Each structure stands twice: as C-alpha cells, then as structure tokens.
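Top line first, the protein sequences correspond to chains A and B.
Number 106 in this note's numbering belongs to position 106 of the first sequence; there are no gaps in the numbering.
Number 215 in this note's numbering belongs to position 215 of the second sequence; there are no gaps in the numbering.
Hints are computed from structural coordinates only; laboratory data are not their basis.
Computed from a prediction, not measured in an experiment: that's the story for all the values here.
A few of these clues could be false.
Below 27 Å or equal to it, Euclidean Cα-Cα: the simulated DSSO-like pairs (lysine-lysine) are [said to hold, decoys possible]:
id, chain 1, residue 1, chain 2, residue 2
1, B, K347, B, K335
2, B, K298, B, K347
3, B, K174, B, K89
4, B, K174, A, K91
5, A, K168, A, K227
6, A, K227, B, K89
7, A, K36, A, K168
8, B, K348, B, K326
9, A, K227, A, K36
10, B, K375, B, K326
11, A, K91, B, K170
12, A, K165, A, K36
13, B, K341, B, K366
14, B, K94, A, K227
15, A, K36, B, K94
16, B, K150, B, K174
17, B, K375, B, K298
18, B, K347, A, K294
19, A, K91, B, K95
20, A, K165, A, K227
21, A, K91, B, K94
22, A, K168, B, K94
23, B, K348, B, K366
24, B, K89, A, K36
25, B, K366, B, K326
26, B, K348, B, K298
27, A, K91, B, K171
28, B, K298, B, K366
29, B, K347, B, K375
30, B, K348, B, K335
31, B, K335, B, K375
32, B, K174, B, K95
33, B, K94, A, K165
34, A, K227, B, K375
35, A, K36, B, K95
36, A, K91, B, K298
37, B, K341, B, K298
38, B, K95, A, K168
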Amino acid sequence: MLDFEILGSYTFLVVAAGTFLLSTAAGAVGCINVLKGESLIGDAIGHSAFPGIVLSFMLFMQRSPLLLLLGAVVSGSTAFFLIQCIHSNSKLQLDAALAVVLSSFFGMGMVLKSYIQGNPDFSKASQSGLQSYIFGQASYIMRSDICLLLPVSLLSLLLLLLFYKELKLFVFDREYAETLAIPSGLMYFIDILMTMSLIAAGLKLVGSILISSLLLIPAIAALQWSKRFDRVLILAALFGGLSALAGTYVSTLYEGMSTGPTIISIMSLLAFISMLFGPHGIIANIRLRRRFLK
Amino acid sequence: MNLTELSELISHSYESLLILIITAEACALIGCFLVLRGLSMLSDAISHSVLLGIVLAFFIVHDVSSPWLLAGAALFGVFTVFSVEALSKTGLVKKDDAVGIVFPLFFSIAVILISRYARNAHLDTDMVLMGEVILAPLYRIRLLGLSLPKALVSMLIVLIINLLFILIFKKELKLFTFDEDFASALGFSSAALFYSLMSLSSLTAVVSFDAVGAILVVSFLIAPGACAYLICRSLNTMLLVSGLYAALNAFIGYILALFLQVSMSGMVATVAGLSFLLTFLLNREGLIMQLILRRRRKREFYLDMMTLHIGNHSGMPEESEELGVKSISRHLNWKSEFSEKCSRILKKRGILYIEEAGSVYRLTEKGRAYYSRIKSDYGI
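In isolation and in its complexed conformation, chain A is listed as follows (with noise of 0.2 Å):
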C-alpha cells in the first residue's frame, strides 16, 4: 500500500517534482538521439561534463546551480566538438572517439577534484556537495534545484513542439530535410542545446555517470510499442515521468536506496517488459513463429 505520510511531505514532493520534470523532458528529447543512432553520445558528454562542474566551482567558490550548469553546458560542448572533429577527421571510430574523450575528461574531473580536496584555499567554501554529481544525490535538491530544472525542462519541450515538424524530418530522411529548406546546422543546434542543457541540469540528481540512461531508457522502451514518431515521444516522456515518480518514492521508503539508481532500476524495468510484452516483442515473436511451425 502507498504510504500517504511519505507521499505528502514536502521533501518528497520536491525530490519528485525535480525528477519528474528531468525525466520527462529526458525521455521525449532522448528519443531523437536514439534515433538518431547516437544513443552513447549522450554518456560521453555526461561524463566529460563532471570536470566542467569541479572547475566551475574552484572560479567561482560557491556551489550556485546555475554557475555549476554552465561549467558542465561549457565542458561537455568541448567534448563534443571533439568527438565530432576526431571522428570526421581521422580514421578512428566513432566508439573508440567517445571512450578516449570520456575517459579522459573524467580523469581531468578526478584531478581537479583531488587538487580541491588536497588544497587549503578552497577549505573555506563548502566543496561537500561535489561528490554528489558523481553519483547523484537526489534526495539533497532544493528548492534552488527545482527552479533550475522547471525552465530548462520546460524550454527543452517547448523547443521539440516547437520544431517538432522540422526534427522528425531532420531525424528520419535529412536529405529530404535539406531540399526542404530545412537547416540541418539549426536542426544539430536545437537538439544538441536541448540535450545539452538537460544532462547538466540533471548532473545532480542521478550524477555524471549515469544521466545518460535517463535519455536512453525510456526511448528505448516507447521504441516497443509504437513505429510512430508522435506516439514514442508521448510513450517515452509517460514512462520517464512515471518511473521518477516510482523510483523517488521507493527510495524514500527505503534507507539506502539511492534515488537516481533506483529510477534507472525501474526505468529498466520497464524497458525489459516492454521487450516482452510489446507488440513485436518477444512473446509475440515466438507465438508468431509456433503459429507458422504448426
């Protein structure tokens, strides 16, 4: 039975306010990416984000969530554009570009974050909450957190109704996009804006390392249901929302559950059952296969 008494106090209400309106956005915006075949992208530019925080934080002392989003939006473009420039310009692949760029964007994090930890200067501003966007602490947001994701959720959806037309043409046949008319640069430009400012946001709830599968899961799982474009983003944005408000409760009611992992737990979840059961999944690929056997 749910308990009302967890349901109604207020640390709840903003924890699950503040993931809802992350993974709702998340989920609508990561099924362009999806896609889009891009669906690891989005785990590189979250890990390359971590050291844009630290550095943020070691220029301007204080842990203001705007200042720290802006130093993740700033270092996760830079690993971006990297991976673009490496993998166009050499003969690498696309994978082997995004691990090298990850994994050393992450370590860069890690040295700034012992060079803090190791030096006196910094003692005097509160560095404590930094870990946090490592593994994400949800359960510590605030209400300055909330008035951070409200607009940048929001204007990440107003963003895709905005140019919905133009993205599903830009995702499914860009050439026929381009005849069109329709700036592909732009195109690149809104999602990468929209995923972009999503991730950082949500660093601090679910932590660098896995605010990708919030884009991820959820598309993934809409994927099973329907071959329609309008459908998915409406699927996908539902079981993101859903599986927030889920995963913040059942970490509330148990010590110890950490609230962004136990949301990508149910997001899974979900996302296996929808394999299952989805109308092209697998229990309907194997009745389909006994039907034509007999």
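Since the structure of chain A is provided, determine the placement of chain B on it from the hints.
Relative to the frame of chain A, chain B by itself:
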C-alpha cells in the same frame, strides 16, 4: 616543490609507478584489439558493470582481495557482454542501445547495494571511481622471499596472461580482427575468440580496478590503442607503439600527480587524453597536416587557374585587356593583391614574365609546356 623533495617522494612511491606502468601495459595490449574491432564502448560497459560483480562477490566471500572475488567479477563482465549480445540479437534494439541499457542497470544496482548494505565495508564509492594506486603498495604479499605489493603481483600475472594469449593466438586474432568472415570460412570459431578476448578484458578491468578504479580503466584500455592506430600500419608495430604510449602516459602522469599532489590515475587518464590529442593533431595524416595540405592544394589550384587564363588569352586580340598587369584581377574575379601574389609565385617558378612594352603577363617556354600539361590533366 623542488627537485630534491620530488625525488624523495619518488623514492617512497616508486612501487606505485611500477604498478601503474604494468597496469597500463596489460590494458594497452588487450585494448589494441578492442579498438580495431570497434568494441571500445563495450569495454566501457564492462568496466562499469564489473562493479556489480565485485559487490556481489564481496557479499559471498567478504574479502576484497580474494582471488575468488576477482574471478567472480571477471565472469560478471563476460555476462555483461553476453547480455548485450543477446539483447541486440533479439533485433528489438540496436547494439549501441543494448550497451546503453545494460550497463546503467548493473551500475545502478551496484550503487544501491553498496549504499544500502556495504556502507562501512572496504567498498566505497570513491575507491570505485579512482582506485588508490598510492595506497596499493600497502597491501603486500611475500613471494620467493621478497615482500611485494599485492597489486603488482596480480597485475603482473594478468600482463603475462594477456601477453601469452596474444602470442599464442596472434594469427587467429589477426584474422578474426581484420576479416571475420574469412576466419569463419577457415573454420576458426569467432564466438570462442570473441568471448576469450572479452573475458581477458574483463579480467584486466577487474584487476586494474584496485589500481585505477572502474571508470578510468577505459582510458588505460583504449587511449594507447587509439593513438597507435592513428600512426601504425601493421598489427605488430601497433602493439609495440601502444605499449610505448602506455608506459609514457603512466610515467608522465605519475610525475605530474606527485608534483601537483593530485589523483594519480586521474592524472594518467588526463595525460592519455592529451597525448591522444597531440597524436591526432600532429601525425602524418593528422588534422594539422590535413589543413596544411588542403591550403596548399587550394593555392596550387589558383595558380593553375591563372596559368590557364594567361595561356588561353595570349596571342588573342583582347590580350592587353585580359592579361594586363593592372586589369587581370578583374577578369579572374580575384582581389588585386591576391592576383599579384599568385603572379609573383608563378614568376619565381619561371612560368610567366611581364612583357615590358604592353605590361601584360606572358608565359615563358617552361610556362607553355606547363600550360599544355595542365590542360590535359584537367581534361580540357
């Protein structure tokens, strides 16, 4: 910090350097094949989900350094690869998506297990991320009457296993890497080789875990191989060069980390990224060389255009206008400084001269020969 202090520090921690270098070598050897086969992100998935293997094995044996724990965790890495393969074989998701869904799940479960049940145990999240190579020499083992760091011995064993595997199966690995279909046609089981390669990378990731942590091991695995792939043309040189890169990265990272007093494995990963960037920019086919070549080709094209223009119009009635020193830029539709610069280069090469009387450009003997050659080259 001055040099004497630094050498003092080195004399206290040279064993960490040894561990780092041996880890880097063991990873780089296997990493070459991962880079060549396009399995780099799969190794990322392994290194993340091995954590769950370690946690689960820890619950069973309650000893972080037991060899059973290492074996269990390595098996779990192979299980990850197996799940990814199985998922993508259903045809419901692409391979990349399968990677992206499997490892976050395993990693999340591991984080939940650690934070819920193993808070005070020897497993904490910081160690998971970076390892503590500086502390690794504290855990020692007696071997042949010598007291050696445990991590050094276990890493050395992994290095030897990797080396032996590559030496013994070099021919098969080579075939399987560069032409899988041909290898299967010859009767080599590509699944067996694939899974043995994956088991070895998983084992390497698990054992390196102590020294460098779960995430940075990706850098140790992939970065040297990626650098070597950019500059080498044969498998043998690639293996050697990646070994060199690995050792160099480890050494420079170690010195810098001591000097700045920061995380060693993090520094090695940073240095590996920088060395990759330098290689990418500076190698013979690198970005900078490409840019230079592109510029040079562009300039040669303009010079050819000018030669063609002069050749086409000389001897014609309109030549004083078309080829005039002052007016040629208008007809080529170039800026006048640019056409003057081009004419200076062509003059230096002995292709054109300026006829004093009419002050028009003319081709020399050599220039006319060049003119007819480019005409046939461009197919005009």
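Consistency of the hints with the structure:
1. B:K347 / B:K335: holds (18 Å)
2. B:K298 / B:K347: This hinted pair holds, its Cα atoms lying about 19 Å apart.
3. B:K174 / B:K89: Between B:K174 and B:K89 the Cα gap is close to 25 Å, so the pair holds against 27 Å.
4. B:K174 / A:K91: holds (19 Å)
5. A:K168 / A:K227: holds (13 Å)
6. A:K227 / B:K89: Holds, because 20 Å separates the two Cα atoms, which is no more than 27 Å.
7. A:K36 / A:K168: holds (11 Å)
8. B:K348 / B:K326: holds (19 Å)
9. A:K227 / A:K36: holds (15 Å)
10. B:K375 / B:K326: holds (26 Å)
11. A:K91 / B:K170: The hint holds at about 23 Å.
12. A:K165 / A:K36: Since the Cα atoms of A:K165 and A:K36 sit roughly 15 Å apart, the hinted pair holds (cutoff 27 Å).
13. B:K341 / B:K366: Holds - the C-alpha atoms of B:K366 and B:K341 are around 20 Å apart, at most 27 Å.
14. B:K94 / A:K227: holds (15 Å)
15. A:K36 / B:K94: Holds - the C-alpha atoms of B:K94 and A:K36 are around 11 Å apart, at most 27 Å.
16. B:K150 / B:K174: violated (33 Å)
17. B:K375 / B:K298: holds (18 Å)
18. B:K347 / A:K294: Given pair B:K347, A:K294 is violated - Cα atoms ~85 Å apart, limit 27 Å.
19. A:K91 / B:K95: holds (21 Å)
20. A:K165 / A:K227: At roughly 16 Å apart (the allowed maximum being 27 Å), A:K227 and A:K165 satisfy the hint.
21. A:K91 / B:K94: holds (23 Å)
22. A:K168 / B:K94: holds (20 Å)
23. B:K348 / B:K366: holds (12 Å)
24. B:K89 / A:K36: holds (20 Å)
25. B:K366 / B:K326: holds (24 Å)
26. B:K348 / B:K298: Answer holds: B:K348 to B:K298 is near 19 Å, not above 27 Å.
27. A:K91 / B:K171: The given pair, whose Cα atoms are some 24 Å apart, holds under the 27 Å limit.
28. B:K298 / B:K366: Holds, at roughly 22 Å.
29. B:K347 / B:K375: holds (19 Å)
30. B:K348 / B:K335: holds (20 Å)
31. B:K335 / B:K375: holds (25 Å)
32. B:K174 / B:K95: holds (23 Å)
33. B:K94 / A:K165: Given that 27 Å is the threshold and the Cα spacing comes to 25 Å, the pair holds.
34. A:K227 / B:K375: violated (56 Å)
35. A:K36 / B:K95: holds (13 Å)
36. A:K91 / B:K298: OK: A:K91 and B:K298 at ~23 Å, within 27 Å.
37. B:K341 / B:K298: holds (14 Å)
38. B:K95 / A:K168: holds (23 Å)
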